Amino acid sequence: MIFKKKLYIKGMDLKQNNNRRSISLIAPLAIGFSLCACGGSEVAGGGPSGTEAGNAITAQILIANAPAANARVKLVEHNSLDGQGYIATANDSGYVTIENVAVGSYTMEASLNESALQLPVDVKDTVSDVALGQQNLQKSVFIGGSIADFIGDTTESLKNMNGFVKFRGLDHSAAITNGKFEIFGLPAGHLNMVIIPTETADTVKVSVETDAGDSVTTLKPTAPESENETLLIDDFEDGDFYHRLAPEYTNFIFGSFGGQWAINTDPVFINDSSNPASFTITPAASYANFGSPFVAVIQDDGNGGKEVHFTIEFPDTSAYKQASAIVKVDIGNSGVSYDLTPIDTIAFEAWGQGTAVFVIIDATLKDVDASLGGAAFTIGKTSMELTQEKKKYKFALADIVPNEETRKSATTMGLVFHSNAELHFDNLEFIGNDLLNIWKLKE
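Numbering (the numbering used here), first residue to last: 5 to 447.
A portion of the hints provided could be inaccurate.
Capping the alpha-carbon separation at 30 Å, the derived lysine-lysine pairs in DSSO-like fashion look like this [said to hold, decoys possible]:
1) Lys395 / Lys385
2) Lys395 / Lys310
3) Lys444 / Lys398
4) Lys385 / Lys370
5) Lys398 / Lys332
6) Lys332 / Lys163
Calculated from the structure, these hints are not laboratory results.
If you're wondering where the values come from, they're calculated on a predicted model, not measured in any experiment.
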């Protein structure tokens with residue numbers, strides 16, 4: 005067992021370790037920061053969305069390479085903390101089928117007696133089946149003991165704290181009483197554990213690598229990890245509508261580089277007062293603005309710098325229930341996918357009013373469900389509530405896109421809105437190692 009420890013004070017850092025066999029523990033400053041979880045009934049063949057879509061996830065669950073008859077299987081949205089999701093039971097041959105699963109990223113957990121497994125599952129459309137093949141159960145993991153000992157922090161409030169521990173994407177939780185907790189039956193591999201105190205506390209993040217059958221009661225830090233690098237993607241100081249790396253790493257076509265910023269809407273109408281399907285974006289933009297309407301929303305930040313700042317009003321939602329808007333940037337050349345695995349964390353400053361969904365998109369996906377529109381190309385997303393005070397958001401890429409293979413192909417990232425909003429946005433950064441390889445390996 006190899007232990008790692010990182011401590012962050014008064015931050016919102018999420019996991020930055022891409023190793024699949026790691027645990028990230030986060031004690032948030034406020035429970036409300038937790039990402040949205042699936043809700044709804046727990047029945048096989050139906051789940052949080054209540055969809056009747058007709059797809060299916062299939063697998064054969066094994067234990068010691070023999071069928072794991074009656075293994076319990078549960079499919080939970082990968083960021084969910086409530087443990088609700090789709091459930092099923094393996095038959096005598098270990099086969100299990102979960103039908104009518106909504107599009108999204110999930111964690112599938114299977115368990116039987118003292119053995120368990122978990123694996124990420126991406127459902128890209130509502131018609132295609134996902135065949136997971138044979139999956140072997142392993143001896144489950146125990147985590148428990150004193151919170152203070154566990155994270156190596158002897159602060160008095162931690163010694164006696166009460167609260168709960170939960171796991172994103174899994175149906176496991178336990179009470180913390182007088183600073184102590186215990187959880188049996190966890191699947192080995194990457195776990196994302198959230199410590200929720202009854203009273204607010206500083207944010208703490210701890211990582212530990214585990215194997216099947218581990219019993220984890222304390223963390224012992226090893227030698228310091230190498231420092232990640234931070235790469236500024238754009239701070240808008242140049243007023244251009246493409247990010248700052250585009251001139252060096254993208255093609256100059258039709259009078260512009262790649263890596264372009266844009267605001268797209270559905271329906272497509274903007275600032276047309278005679279059209280009930282029109283959005284209203286302020287400040288108003290037109291293609292007379294140096295080749296892209298986006299430059300109109302690059303504004304002075306009041307401190308001698310630049311930022312993106314605009315308000316958006318939606319069409320009549322009673323007539324256009326599916327209306328959406330996205331402020332987005334291409335990672336490189338338009339329509340070209342890039343490998344994002346060098347990224348541990350994506351960071352940016354944002355504030356304003358309204359609810360946004362940070363998304364990562366792969367526009368090169370084939371055989372998607374056309375009825376989903378642009379959402380069919382979304383490979384990862386996380387919701388965020390904008391605050392009136394400037395706030396720096398940090399999202400671990402592996403939390404947004406759990407499947408490592410999926411992270412190897414992305415074209416775009418941005419913020420999606422489904423209702424009126426005001427957005428201030430600045431200083432987009434990638435944090436990780438060998439970050440320029442994202443573009444260099446495409447040359």
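Hints, one by one, checked against the model:
1. Lys395 / Lys385: This hinted pair holds, its Cα atoms lying about 19 Å apart.
2. Lys395 / Lys310: 16 Å, holds
3. Lys444 / Lys398: Cα-Cα ~25 Å, so holds.
4. Lys385 / Lys370: Distance of about 19 Å is within 30 Å: holds.
5. Lys398 / Lys332: 17 Å, holds
6. Lys332 / Lys163: 45 Å, violated
Checked against the numbered hints listed earlier, the structure breaks hint 6 alone; every other hint is satisfied.
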